[in-house]
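K.L.:
As a plain string of letters, each chain reads:
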Amino acid sequence: MTEFTTWDILRNLLLATRWTLVLSLVSFVGGGLLGVLLLFLRIGRARIGRIFVKYYVELFQGTPLLMQLFLAFFGLGLFGIDVPPWLAAGTALILWTAAFLAEIWRGCVEAVVKGQWEASASLGMGYLQQMRWVILPQAFKIAIPPTVGFSVQVIKGTALTSIIGFVELSKAGTVVTNATFEPFTVYGFVALIYFAICWPLSKSSQMLERKLNVAHRNH
Amino acid sequence: MSLIEITEVRKSFGSNEVLKGINLNVEAGEVVAVIGRSGSGKSTLLRCINGLEQINAGSISVAGQPLLPDDKHLKALRLKVGMIFQQFNLFPHLTAGGNVILSQTVVKKTPKPEAEAMARRMLERVGLAEKFDAYPDELSGGQQQRVAIARALAMQPMALLCDEITSALDPELVGEVLAVVRELASEGMTLMMVTHEMKFARDVCKRVVFMHEGRVHEVGPPQEVFTKPKTEELQRFIGMVGEAG
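Sequence lines, in order, name chains V and Z. The first sequence begins at -19 in this note's numbering and counts up by one. The second sequence begins at 7 in this note's numbering and counts up by one.
In case anyone wonders, no lab produced these hints; they're calculated from the structure. A couple of the hints might just be wrong.
Stated by the list, open to error - In the DSBU-like style, the derived pairs of lysine-lysine whose C-alpha atoms are separated by at most 35 Å in a straight line are: (1) Lys81/Z / Lys26/Z; (2) Lys94/V / Lys118/Z; (3) Lys121/V / Lys118/Z; (4) Lys115/Z / Lys121/V.
Remember, predicted model here, so these are calculated numbers, not experimental data.
Extracted from the complex, chain Z is given alone in its bound form (with noise of 0.2 Å):
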């Protein structure tokens, strides 16, 4: 079985159908990238993922939870995969440490001063130990997106979503926050990122998703969907992407 499983989902967006029926397996371990034009349905498909947008048919299940509209199952389903956002999205009126305690004390029930060694714990894997005590807007971009992974990472889940999370980075910003999610590849953490970074994608995923016009256009390993594109859409969008790398 595999940890995400998507089967045949459909979504519109009023008669706007964005996402066509998508068939698509996440291994658990497995980085796959999933690419495309903007419009193509690329984020809406990672949104709909978590519930944050609700589908109009198919199904989605995370580590055999399914997803399903009422609160109870959409909380377990939250539980078992964390996601990041472009625009980090933190709480502005916490900490760093603030920001990482929050759901795990509120949602998981655990004791304070567990969330809190957990919270650092995590702050110190993404590198920002130091900045327990400091508010977002004392952090640049690339920090604050990092605490947001930690933030994600301390509820513990069992995978990832990655919403083109170094898109709203400066160019100097985005190196770190992909050797972070780097090192979580490594250490075998299941990542489903919508990526724009095609030399990250093509380096470190194990499979790449090209998605075109709301359907899988076309998906294998990074060599082959980048060097030898099947069809004539991929290969234009490479070539506007430029070569990855």
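If we strip away everything but chain V, and leave its shape as in the complex, we get (with noise of 0.2 Å):
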């Protein structure tokens, strides 16, 4: 039998660390895309819009993120698609990202004050003004810190994305048990190297929360 060393097990996960770093990443930016257009679907004056925003939230909401990306690898397979598990990972996320993203902004925009619509409106502004000049910049001050924070849960989301068979930094965690036979060092390290990622994200969002907080006295 091989002999692995330390570095062996870490080596191999740090390069597997790579592909979560590059899933988080495109979830992230393409969730936070369509979630600034569901956003303005959400927010926006037309009813159909609106309704369809919501239950498109809702159901991201509503069901686990793992049958999500069943439905997304074996779905599709079912109409005859073949869906390598990078496509089906990547959807999925992309698409429950949005629908948390366009739900945390909605609180933000609708955390703006009423009075701040009314004194836009009552000096002449119409709709897309008072949004772009005076409720936006507001609620993207409040959205900073929950963002950051949940870029937290994007990042251990595509954990799950190793049961489909996306080889990130999970999957490569139960690859090379299998060949090391030393569970406990290689999850230690898979959970260290989480830890690394997600804390500081999490720690500069508590920051963040502070200073804006302090910048953004509500009188």
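Two chains, two separate frames, one set of hints: put the complex together.
P.N.:
Spelled out as structure tokens, the structure:
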């Protein structure tokens, strides 16, 4: 039997970490872009858009991410479309992230007090002008901490894609364990790597919250 | 033709009728105080005039511009009549100067330098020239309200609606805001103000409107309204708020 050094284990895990990071980034950026679109539909004037996004969000918040991954991976297969794991993982995570971000951001827009709408309206601004110049700049500030905080959820969410065979950090952990029979060491490293990525983000989210609250005392 | 014409205006919130047929005209240059108990509909009336509340019946026009619910008419109307709020509602992400500049550049498309010059003039007018770069949370309540007045004035409205503009202020800050309003009144600005400052209403206003249960109950010059109230409701109200000075 081959002997594996600690460095062998760590090196393989770190190589797989690249894919965790890539998938996280793709999900977050893609989900963010789609989330902005959903947000504008959700707070827009068209009733149909609002209703569509409301149900979209409820659907993705009301089902486990794992099921969404399964549906993306196996579901499309039923129609004869061969979906590689990376595509299913990316698609499901983007859709999932978008739903949560749209909902977080909607809360931020609604957190802007009614008086701001009234004051800007009484000055003659139209809906889009109010949004652009008064509401969104304030909502944006409120949104930064929870958005950064949610990025941690996205990173941890990528671990689930190991189940449909996407080789990222968790999947690499399983593979390495199967080769080394040292589950505690391997998963210990896996956990530490996740922690090293997520902890700074959580921390910066908290710091931003404190900092922006000070700058945004609302009288 | 009066500057503000309110004809048979009715407004309900659900099944609760708050305004039950209001008729009131305000002439150009006139300063009108609207008084009455809370719940009498005075703030609602003010908010109907610039379309912040939609009326259910009747009509309103300001300087010949009718109140209609579509965006284009609302904007045209709101350019004629500015509003000051109880809670100031300054934009917290902009400086005092930025607050006064924004709507000029966005709504009127005034070039930035002109809008800034106007903002400086208006802030000077309310005695806050040196606060141009201060953010709202660095200002006292009285200063914030004065910036809000400057912001409304910068749009060069023909009339201003003041909705209990001193009610959220500490007592020692009320005076500075009322001084600004007094100044505006003396310059001939048309003002319609919902207020609890009876002394101010008496000193500055040309006419006092007493509202009761969604109707204009009594109207008259302040001397008459405060010293010789005709109706029992007004007598009781004046007794309640204390003699006006």
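K.L.:
Next step is simple, just say for each hint if it's right about the structure.
P.N.:
Okay, the hints, checked on the actual structure:
For the hint linking Lys81/Z to Lys26/Z, the alpha-carbon distance of about 26 Å falls within 35 Å, and the restraint holds. Between Lys94/V and Lys118/Z, the direct Cα distance comes to roughly 27 Å. Compliance with the 35 Å bound is thereby established for this hinted pair. About 25 Å separates the Cα atoms of Lys121/V and Lys118/Z, which keeps this hinted pair within 35 Å; it holds. In summary, the hint linking Lys115/Z to Lys121/V is supported, as the alpha carbons are separated by about 26 Å, within the 35 Å threshold.
Of the numbered hints listed earlier, not one is contradicted by the structure.
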